[in-house]
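**Student:** What follows is each chain in one-letter form.
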Amino acid sequence: METQALFDALKAKFGEAVLELQTTGFRPAFVVVAPASIADVAVFLRDDPSMKFDSLMCLSGVDAKERFAVAYHLHSLAHKHQIGVKAFLPRENPSLPSVDAVWPAANFMEREAFDLYGIVFEGSKDLRRILLPDDWEGHPLRKDYKYPESYHGVKL
Amino acid sequence: MTRPAEALPTQEMLINMGPQHPSTHGVLRVLLRTDGEVVVNARPDVGYLHRGLEKIGERVTYAQFMPFTDRLDYLAAMNCNCAYAWAVEKLAGIEVPERAEYIRVIVSELNRISSHLIAFGSFTADMGAFTPFLYSIREREIVNDLFESVCGNRLTYNYARIGGVSADLPPGFLEKTKEFLDYFEPKIDEYNNLISYNKIFVHRLANVAVISAKDAVAYGLTGPNLRGSGVKFDLRRDEPYSVYPKLEFDVCVGTGERGALGDCFDRYMVRINEMRQSIRILRQAVAQIPEGPVMAKVPRLFKPAAGEVYFRSECPRGETGFYIISDGTTNPSRLKIRTGSFVSMNIFETVTKGLMIADIVAVIGSFDIILPEIDR
Amino acid sequence: MEALALKLMNAVPALAGVPLWVMTLLVMVVVAVILLVFALTFGGVGSYVLRKVAGDIQARIGPNRVGPYGILQFLADGVKLIMKEDIIPAKADRFLFILAPYLVFVGAFAAFVVIPFGVGLIASDLNIGVYYVMAVTSLVVIGILMAGWASNNKWALLGGMRAAAQIVSYEIPVGMALMPAVLIAGSLSMQDIVRSQGGLLGLFGWNVFHNPFTFFSFFLYFTAAQAESNQTPFDLPEAESELVSGYNVEYSGIRFAFFFLSEFADMFIVAALAAACFLGGWHVPFLRAEALPGIWGNLLSLGVFLAKALGIVLLMMWVRWTLPRLRVDQLMRMSWKYMVPLTFVNLLGVSLWLLLFRGKGIPQLIASVF
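Chains as they are written, first to last, in the working numbering: chain A, 2 to 157; chain B, 1422 to 1797; chain C, 336 to 705.
Derived by calculation from the structure, the hints in this document are not laboratory data. Some clues are possibly wrong.
[Unchecked claim] Straight line, CA to CA, 16 angstroms or less: simulated EDC-like cross-link-like pairs of lysine to aspartate or glutamate: (1) B:LYS1635 with A:GLU17; (2) B:LYS1718 with B:GLU1516; (3) B:LYS1620 with B:ASP1636; (4) A:LYS147 with B:GLU1479.
[As the list claims (entries may be wrong)] Not everything, but these chain B residues come out facing chain C in the computed CB check (under 10 angstroms): (5) PRO1430; (6) LEU1435; (7) LEU1602; (8) ILE1616; (9) GLY1775; (10) ALA1779; (11) ASP1780.
[Said to hold, decoys possible] Stretch by stretch, here's where chain B covers chain C in the computed footprint (C-beta under 8 angstroms, at least three residues): (12) 387-395; (13) 485-496; (14) 659-673.
This one's a predicted model, so the numbers in the text were calculated from it and none came from an experiment. Ideal placement from N, C-alpha and C gives every residue a C-beta, glycine not left out.
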C-alpha cells in the first residue's frame, strides 16, 4: 500500500490524532500521531485488512533534544509493506499507552525504552528495568544524563 | 497411620539458573520457580552484559563504531559488520562497488555456517552428547583460518567499512573456500546420521516449546526461530539487499517432521538445512564474483545528510536492525540496535510454562540466543 | 580366608604359634588392601583411559603432557585433588556432608568382595554372591542423597533426588537381568555361576550364547548397568550442562575424588558382573583353567577375566561419549514401562527353556547331537 494512501486512511479514521507524514530523508516514512492515541492506532494498523501490520520490527525511544519520541517500525507479512509510527512526548514525565497487548513483541522493547529513557508505558503488563540493575538511578540514554560517581560503593 | 495427600505440605522451589551456568549461552539469569522438576515459571533476567553500546554510538563517528558491531554477536561478527555498513550506506546513499558486495556476501555466509556450527555443537552438548561439539569446532577452525587470511582476526573481524570492505581478498582465498565447501558438505549428512535423528535426541526435542506461526510473528521472533514455526520469511529473499537477488537458494522452514510444527527440533533442523543453503550461496558467489575496487569513495569526514533509516539484515540469530538517526554531524544522533536474540526472549516466559528443567536448557539452546546481542 | 590362613601357617614354621583368628584377620586385611589398591588404581587409570577414549572419539588427542602419552595424568590429578582446599559450605550439614562420599565409596567397594577374579581368586565366595552385590550397591543411593541434601544447594538436591529415583528404578532390571545366569547355574554364588559356563565348548559355553533369552538379557543388563553407574545416556544426577554437576557440585578436593573413584569402582563392578555372569568369567577358551599347574591357572584366568571386564568398561565409555542424555521422566518411563516388564518376561522365558530342554543351552544341544 502506498504510504500516502496509508496516511490518508489513518487520517480518515483518527482525524485529529494523526499529525503529519515524514517522508523526505526517512526510510521508511513516519506517521506522527498523538501519544494518547497510539494504542488505538496500533490495533487499527494490526487488524485492518488493507494494513495488516502484524509484525513490530522495532520500538525505540529517541531523545530529540527538546522532546522525547517513541518510534515504532511496523511490517506486514501479508502485504509486504513497512511503515513507521512516531509519537512525540514532552521531556517532563513522558508517558503513553503501551502496545504490548497488540504486539507482545513490544514488551521487552518498551522495558528497554523505560529503562534507558524513563518513558512510562501505561498499561504495560510488566514495566521494570531490564538492562540496568533494578536500583539504578537515572536514565542513561538521555542526552543530559550525568554519570554517577559510584554504585553501591564501587567507584565508577 | 497415613495422612491424606492434601495434608502433606509442598513448596515451590525458587532456583536461580544463575548468570554462571554451563548452558545459558552467556550470562543469562533465569529465575525458575519449580514444583519438583516441573517449571511453574521461568523469568529471564538479562542485562549482565550491558555495555551501553547505543550510548557509545552517539559519541563516536560512524566509522569508529564498526568495531563495536563485532561485539554485538561475536559468533556472527561479519554479519553484524555488514549489517551496520549497509544501514549507514542506505542512510547516506552510498553505492558500494560490486566486488565489495560479493565479498561481503561471501564472508557473511561463511560466518553464518560457522555460527550455526556453534549453535549445533553447543546445543547437542547441552543435550548430553559431547562429541558433535568437537566436530563442529574442527570445521569452524577452517573458517577461522579463512577469516584470518582475510582480515587478520579469528573472531572480531572489523572487516566491513562504510562504502566497502577494508581490504581485498588475498590470493588463493576463493580456491580455499571452494575446498572448504567440498570438504564440509558431506559432513552435514554425517552429523545428521550421528545425532540429528538419534532417537534420544529427537525425544528430547520433539513437542517441546511448540510455537505457532501466529505467536512467532506476534512475539517478534525472527530468523531460524520464525522459520522453525513454518513461516516462510527470509530477509535475503523477501527484502533483498546487496547481491542476494542474483543468488539462488531455498528458504528453509520447519516441517514438523518429528513432532508438532514449531517445536525445538524444527528450529534445530532449520539451522542444519540453512548451512546447506549457505554452501549453495557460497558456491555461486565464488563463481560470480567480479574484479574491481573494494571500496567506494567516502569522504574522510563522513557527514551523512540529516535523516532516519531503519535497515535490517538476516543474521544467523535473527534480524539485526539498525535504526540510525543522523542530524548532519559526524556522530549519529541515535543508534538503535534491534537484535534477534533480544526480541526472542519475549516469548521465553510464556513458552516455558509446564516444561521440565531439562527442557529449559533445550529451549534456550533452540532459540540460539547470545547474550552480547541481548544486552548490547 | 581361614583355609588360606591355615595353609600359610603350615607352610611357614615361624607363624605356627600365632592363633588362627589373628592369622585369618591378617589375611583378610591383606586381601582388602590388595582390592583397595586395585580399586584405586583402576579409578586412576580408568580416568586416563576415559579421557583418551573421549579424545579419540572427539577427533582430538586427550592428555599427552604429563609423562609419555600423558600416562601419569591421573597421578597429577590425584595430587592436585589431595592438595586442594577443603571447602565445606557454611550452611551445609557438616556431618552428613563429610560422611556422604565415604558411604558412596563403601557401597561400591564392598561389592569387590564377591568378584571372581580368577580360579580361586575371590575374596570370599559367598553363597549369596549376586544377591549380596545387589544389596550392597544400594548403599550408594543413600550416600548420593546425603550429598545432595547436605550440600544446602538446590542444584545438588535436584541431582540427589534424580540419582535416588534413577538408581532405585534400575535396580530391578539389573537384578532381573542377572537372574537367568543364576537359574542356569542353580546357585547365587559367583564362582558357581562362572564354573557353570566352563567346559571344552570354549566360547560357546558362555551364558550369553546359552539361549535367545539370555542373549537378550545381556543387552538388558548392559543398559540397566549403564544407568546404575550414572553414565550417559543416564547421567542425569551429574548432568554437567543442566545441573552444574548435580550432587557433587559443592564438593572439592579429596571428597570429590572419592565420588569420582566410586563412579569408576561402580563401573568396574557392573562390568565384572557382566563378564562373570554372561561372558564366561575367568574361563580361558578351550582350556581347563582349574587343571593348569600351580600358579599358571590363577594368572591366566585372572588375565582373561580382567580383559573381559575391562572390555565391557571400554564399551560403556564408548556409549557414554556417543549418545545424548535422557530426560528424567523419559528415563523413569523407560525403566518402569519397558525394562521391568521385559526383564520379567525374559526371566519367564529362561525358566521355560530350562524346563523344556533340561538345563541345556543351544551349544550343548548342538554338541549332544554329535
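**Student:** With reference to the structure, classify each hint as holding or not holding.
**Tutor:** Hint check results:
no., hint, result
1, B:LYS1635 with A:GLU17, "violated, 33 angstroms"
2, B:LYS1718 with B:GLU1516, "holds, 9 angstroms"
3, B:LYS1620 with B:ASP1636, "violated, 28 angstroms"
4, A:LYS147 with B:GLU1479, "holds, 15 angstroms"
5, PRO1430, "violated, 17 angstroms"
6, LEU1435, "holds, 8 angstroms"
7, LEU1602, "violated, 20 angstroms"
8, ILE1616, "holds, 7 angstroms"
9, GLY1775, "violated, 12 angstroms"
10, ALA1779, "holds, 4 angstroms"
11, ASP1780, "holds, 7 angstroms"
12, 387-395, "holds (count 5)"
13, 485-496, "holds (count 3)"
14, 659-673, "holds (count 7)"
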